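From just these sequences and the hints, can you work out the full model?
There are 2 protein chains.
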Amino acid sequence: MKRAELVSHIHERRSFLCVGLDPELSKLPPHLLDTADPVFEFNRQIIDATRDYCVAYKPNLAFFEAMGPSGWVSFERTVNHIGKSHFIIADAKRGDIGNTSRMYADAFYNRYGCDAVTVAPYMGEDSLSPFLETPEKWAVVLALTSNKGSDNFQRLQLSTNEPLWETVLRQTATWGTPENTMFVVGATHPDAFRRVREIVPDHFLLVPGVGAQGGDLAGTCRYGLNRETGLLINSSRGIIYADNSVHFAEKAAEEARKLQSEMAAFL
Amino acid sequence: MKRAELVSHIHERRSFLCVGLDPELSKLPPHLLDTADPVFEFNRQIIDATRDYCVAYKPNLAFFEAMGPSGWVSFERTVNHIGKSHFIIADAKRGDIGNTSRMYADAFYNRYGCDAVTVAPYMGEDSLSPFLETPEKWAVVLALTSNKGSDNFQRLQLSTNEPLWETVLRQTATWGTPENTMFVVGATHPDAFRRVREIVPDHFLLVPGVGAQGGDLAGTCRYGLNRETGLLINSSRGIIYADNSVHFAEKAAEEARKLQSEMAAFL
Numbered sequence: 001m002k003r004a005e006l007v008s009h010i011h012e013r014r015s016f017l018c019v020g021l022d023p024e025l026s027k028l029p030p031h032l033l034d035t036a037d038p039v040f041e042f043n044r045q046i047i048d049a050t051r052d053y054c055v056a057y058k059p060n061l062a063f064f065e066a067m068g069p070s071g072w073v074s075f076e077r078t079v080n081h082i083g084k085s086h087f088i089i090a091d092a093k094r095g096d097i098g099n100t101s102r103m104y105a106d107a108f109y110n111r112y113g114c115d116a117v118t119v120a121p122y123m124g125e126d127s128l129s130p131f132l133e134t135p136e137k138w139a140v141v142l143a144l145t146s147n148k149g150s151d152n153f154q155r156l157q158l159s160t161n162e163p164l165w166e167t168v169l170r171q172t173a174t175w176g177t178p179e180n181t182m183f184v185v186g187a188t189h190p191d192a193f194r195r196v197r198e199i200v201p202d203h204f205l206l207v208p209g210v211g212a213q214g215g216d217l218a219g220t221c222r223y224g225l226n227r228e229t230g231l232l233i234n235s236s237r238g239i240i241y242a243d244n245s246v247h248f249a250e251k252a253a254e255e256a257r258k259l260q261s262e263m264a265a266f267l
Numbered sequence: 001m002k003r004a005e006l007v008s009h010i011h012e013r014r015s016f017l018c019v020g021l022d023p024e025l026s027k028l029p030p031h032l033l034d035t036a037d038p039v040f041e042f043n044r045q046i047i048d049a050t051r052d053y054c055v056a057y058k059p060n061l062a063f064f065e066a067m068g069p070s071g072w073v074s075f076e077r078t079v080n081h082i083g084k085s086h087f088i089i090a091d092a093k094r095g096d097i098g099n100t101s102r103m104y105a106d107a108f109y110n111r112y113g114c115d116a117v118t119v120a121p122y123m124g125e126d127s128l129s130p131f132l133e134t135p136e137k138w139a140v141v142l143a144l145t146s147n148k149g150s151d152n153f154q155r156l157q158l159s160t161n162e163p164l165w166e167t168v169l170r171q172t173a174t175w176g177t178p179e180n181t182m183f184v185v186g187a188t189h190p191d192a193f194r195r196v197r198e199i200v201p202d203h204f205l206l207v208p209g210v211g212a213q214g215g216d217l218a219g220t221c222r223y224g225l226n227r228e229t230g231l232l233i234n235s236s237r238g239i240i241y242a243d244n245s246v247h248f249a250e251k252a253a254e255e256a257r258k259l260q261s262e263m264a265a266f267l
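Protein sequence lines correspond, in order, to chains C and G.
Going by this note's numbering, 89 is the number at position 89 of the first sequence; the sequence numbering is gapless.
Going by this note's numbering, 232 is the number at position 232 of the second sequence; the sequence numbering is gapless.
For the record, the hints were derived by calculation from the structure and aren't laboratory data.
The structure displayed is predicted, hence computed values, not measured ones.
One should not assume that every hint holds.
Using 25 angstroms as the maximum straight-line C-alpha spacing, the simulated PhoX-like pairs for lysine-lysine come out as follows [stated by the list, open to error]:
#1 K148/C <-> K137/G
#2 K137/C <-> K148/G
#3 K148/C <-> K2/C
#4 K258/G <-> K27/G
#5 K251/G <-> K2/G
#6 K258/C <-> K27/C
Shown next as structure tokens:
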């Protein structure tokens with residue numbers, strides 16, 4: 001998907017919500033477990049219930065992978081069911097030497113038809129560039145993540161007097177463009193968005209950590225929003241596991257609509 | 001697999017060779033393409049031909065993933081075919097927030113039965129610890145990788161006057177033990193092994209980059225070997241793609257045997 005199309009979806013739906021799909025068998029509504037493909041059935045109903053309130057979906061590959069080969073069939077059906085109306089981020093945190101990253105990019109972009117893949121920056125430019133070579137496909141690079149462990153390395157001070165995550169942001173931004181690169185910045189660091197926008201004023205940011213992880217929407221928007229919105233705010237568990245009964249999809253829609261209307265106020 | 005068992009395989013086979021399995025359809029011997037599962041058939045013949053000369057196999061997940069869901073069936077069959085006699089490293093470069101890393105660990109350790117998973121350190125302790133909680137299962141943490149991009153971030157100088165990769169090594173070594181943690185150090189940095197051994201004298205190192213990537217076995221062994229060997233040297237393309245004819249497996253065996261006899265001289 002082109003950036004302009006993503007921006008136009010944001011304005012039409014008055015939302016910059018990304019719904020994270022983390023389908024864990026032990027958390028699915030029990031009545032779905034008798035269906036032929038419970039993971040897909042769960043995703044399908046969540047997608048149908050929330051698609052008017054969001055612009056992106058982020059399937060988390062760990063949850064599909066843990067199901068074995070059939071999990072990848074559920075993933076494929078999920079991506080196909082989402083269709084072209086939403087930006088699809090394969091949350092896979094990939095990154096390897098060049099010829100291997102190329103295989104990962106090929107899998108997610110061409111075989112499965114996702115728009116974007118989350119990638120880890122530790123291995124440097126030749127590990128990321130294969131994700132930047134396909135028109136309308138995006139690398140979503142980890143910069144400052146939402147978890148506690150982001151303190152261990154991402155916030156280490158370099159000899160240049162800048163934390164590692166800022167250098168990662170500054171450096172990887174030069175390898176792509178705002179048309180093919182986004183960055184992950186956790187909502188659990190609302191103080192950081194001001195600095196992020198000094199370094200990458202134009203890029204889209206994928207922001208996890210709102211909801212279950214305790215991040216704050218208003219704090220994120222205050223400095224994170226830019227002229228073309230520039231934010232995709234993700235919520236996973238807060239939406240998809242809002243309810244565990246036969247009404248789970250309606251409750252998911254309710255949570256998504258709540259976030260959408262909070263977001264509309266910032267647009 | 002326990003460390004003691006790995007060490008005993010090394011002494012019995014007089015080898016610390018890891019054979020990397022990167023099965024790319026376009027590179028397979030053409031006569032295999034008519035079989036029902038060419039990727040498995042290729043791996044099966046490579047494994048049968050090389051198992052006496054190596055102690056570990058490292059399937060590279062990108063190459064299986066790129067085949068779609070059926071690639072995961074080929075991966076599963078490959079792991080089962082290797083069996084318990086060899087240390088099996090899922091080269092997947094995973095790493096995510098805790099609940100997600102736990103799903104990845106579960107997939108590779110419990111569902112597929114691998115001994116180890118390669119993991120990227122950028123997200124810190126809570127992203128790695130789920131890979132350190134299962135007895136006899138190992139996290140293989142990226143420290144200083146073999147590719148050119150290792151210069152971009154891994155070699156950045158911190159304010160403590162130490163490059164990032166050394167801090168990653170020092171820090172992550174405290175999260176596990178030499179019984180459940182290994183580190184990736186590329187053979188393309190032979191100068192670095194002396195420093196590595198000052199920081200982690202006892203840990204096993206997984207060393208890619210010998211062969212196609214230009215790394216040097218003798219240089220690696222000079223400082224890399226420790227009392228219990230402490231090295232798994234990986235070769236992928238140099239062995240598995242040594243030949244493209246009906247004799248590919250014999251040629252692979254020949255290349256593996258060459259490396260094994262070079263290694264025996266260092267033991």
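Run the structure past the numbered hints and jot down the numbers of the failing ones, going up.
3 and 5
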